[in-house]
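Trainee: If you want the building blocks of each chain, they are given just below.
Number of protein chains: 2
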Amino acid sequence: MTATTDTPRRLQIEAVASELFRERGYAATSVRDIAQALNLQGGSLYAHMASKEDVLWSIVIRAADRFNNEVGPIAADSARTPADRLRDMIRAHVGVVTATQKDAAVFLHEWRFLSADRRAEMSARRDAYEALFRSVISQGIDAGEFRAVDPRLTSMAILSALNGIPTWYSPTGDLTPTQIADQHADLFLHALQTHGG
Amino acid sequence: MTATTDTPRRLQIEAVASELFRERGYAATSVRDIAQALNLQGGSLYAHMASKEDVLWSIVIRAADRFNNEVGPIAADSARTPADRLRDMIRAHVGVVTATQKDAAVFLHEWRFLSADRRAEMSARRDAYEALFRSVISQGIDAGEFRAVDPRLTSMAILSALNGIPTWYSPTGDLTPTQIADQHADLFLHALQTHGG
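Residue numbers (this note's numbering), protein chains in the order written: chain L, 352 to 548; chain B, 352 to 548.
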């Protein structure tokens, strides 16, 4: 039987695997560990997944889709100024990171354990996603809204800062997701805008 | 025989281990892999190291020391303004990250595989290091040089951005380490300073 996606059992397997991959790392987590956490026999898991990598791939693809679905439409809305779009892209990215903290951490740190083909596919998707930021920053420079920064370096700096959030964010901490989103957006808009703060 | 540090052989082992930990992850790298990369028998490695974790610990401690030795004195130089200090702290941090890219990547991503005691020690050291940034940002706010940002969130944003550099920096790429350092310093100083850019 081949793996099927989106069944309740499969989603449960992915949630447990995401938790374990995040805690121990993908390489140090066995299919047996995943089965044990679900009170199942290792063998019976294979009715729901083709391999450990297959589960990682689902987690990674789902996470990549989430970022893209939230941020893509904002980036493409050419009726709005680049500054307004960048502000909302940062907010939306932080929204995904804080709402799906575990999956985001697995996506960000464990994707390099995918097989070469899948890693190449994900690398291309990550680059296309980063290009959304690069492009809006370039448009802002052309429009005179942003200073003449390097769009690639700046987009990497913004995304690295936002992707660091899962390492320190706590749902029970002092700052709400909205505050974290607004403060990051404010920080980078100040960094870029030509008029004074 | 217990492990000794700083012998040429030991440093060679650490360099090879750092490369493998970075490529495959600590958990997926065996002592045998390290020995093979050095054309040695697995057993003979134990004359130079107590365990795989022992080697990770050396790499991590060395990296933490490098950051601290470069950035600590700048943070403490109260004769200089907070803005001047923060600019040079960012430059110094980027200098370490680009000069020791592999070790920095292992330090940043693999330290969580240390045993609980060592992880706690490293966690405290990382927090003390982050506090250098937090403190200079707070001093800048108090002095009216910086806007009233959240010093903790801002220091995490800065360090996450800088620590993302090993994931995209290439020594043969378009940007020199100095350009990368200056552009990050410029970006975050603009983000913080009260007067317009």
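Hint data in this document are derived by calculation from the structure and do not stem from the laboratory.
Treat the numbers as computed from the prediction; the structure is a model and nothing was measured.
Take these hints with a grain of salt, some might be off.
No copy labels: a pair is met if it fits in one copy or bridges any two.
[Stated by the list, open to error] Okay, derived cross-link-like pairs now, SDA-like style, lysine to any residue, Cα gap no bigger than 20 angstroms in a straight line:
no.	residue 1	residue 2
1	Lys453	Leu540
2	Lys453	Asn419
3	Lys453	Thr529
4	Lys403	Met473
5	Lys453	Gly524
6	Lys453	His541
7	Lys403	Arg469
8	Lys403	Asp533
9	Lys403	Ala388
Trainee: Compare the structure with each hint and give your call.
Mentor: Status of the hints after comparison with the structure:
no.	hint	verdict
1	Lys453 x Leu540	neither (27 angstroms within a copy, 32 angstroms between copies)
2	Lys453 x Asn419	within (18 angstroms within a copy, 30 angstroms between copies)
3	Lys453 x Thr529	within (18 angstroms within a copy, 35 angstroms between copies)
4	Lys403 x Met473	within (17 angstroms within a copy, 31 angstroms between copies)
5	Lys453 x Gly524	within (16 angstroms within a copy, 33 angstroms between copies)
6	Lys453 x His541	neither (30 angstroms within a copy, 32 angstroms between copies)
7	Lys403 x Arg469	within (14 angstroms within a copy, 29 angstroms between copies)
8	Lys403 x Asp533	neither (37 angstroms within a copy, 43 angstroms between copies)
9	Lys403 x Ala388	within (14 angstroms within a copy, 27 angstroms between copies)
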